[in-house]
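Student: Turn these sequences into a full structure, and let the hints steer you where they fit.
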Amino acid sequence: MNNDLNYAQIPQSYLLCIDGQCPKSATCLHYIAARYIPCTRISWSILSPAYIAALQGPCPYYSINRKVRYARGFLGILQQLTKEQTRQFSAQVIAASSRRTYYRIRCGERAICPQEQESLREVLRQCGVTDEPEFDSYFEDYQW
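For the sequence shown, position 10 (counting from the first letter as 1) is numbered 10 according to this note's numbering, and the numbering increases by one without interruption.
Please note: incorrect hints may appear among the correct ones.
With a straight-line Cα cutoff of 20 Å, these simulated DMTMM-like cross-link-like pairs (lysine to aspartate or glutamate) come out [unchecked claim]:
{"id": "1", "residue 1": "Lys-83", "residue 2": "Asp-4"}
{"id": "2", "residue 1": "Lys-67", "residue 2": "Glu-140"}
{"id": "3", "residue 1": "Lys-67", "residue 2": "Glu-122"}
{"id": "4", "residue 1": "Lys-67", "residue 2": "Glu-116"}
{"id": "5", "residue 1": "Lys-83", "residue 2": "Glu-122"}
{"id": "6", "residue 1": "Lys-67", "residue 2": "Asp-141"}
{"id": "7", "residue 1": "Lys-83", "residue 2": "Asp-141"}
{"id": "8", "residue 1": "Lys-83", "residue 2": "Glu-132"}
{"id": "9", "residue 1": "Lys-67", "residue 2": "Asp-131"}
Quick caveat, the hints were computed from the structure, so don't treat them as lab data.
Tutor: And the structure:
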């Protein structure tokens, strides 16, 4: 088992898998997380064993138990932009998500997953930024 994974890290709504016969169960976060559920927890959500058994091809829920690099905040990036670039960047990010999400990720209240980091980099490129942006901080965690 992963020694750095504990029950408190597992989101309450995370789907668990109990198919120990799956060839990828040893590296699947859904299966590994299920092994950390304490006997005091009365109920939890699982992927239907019937659904898993009927799958043809790779499981769409497979999630490797590898940590990824999350970012927090981009106030430092904004300080390096011109007023026009800031206006354009903010407008595009708000249009793609929401005003609330924009402000939460801007100040670091909400983490930015790798896919979102790449989307933000693309918006910055569209705004004329050529340097590789550095977010305010980084940390590693599982991609729940």
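Student: So which of those numbered hints doesn't the model satisfy?
Tutor: 1, 3, 7 and 9
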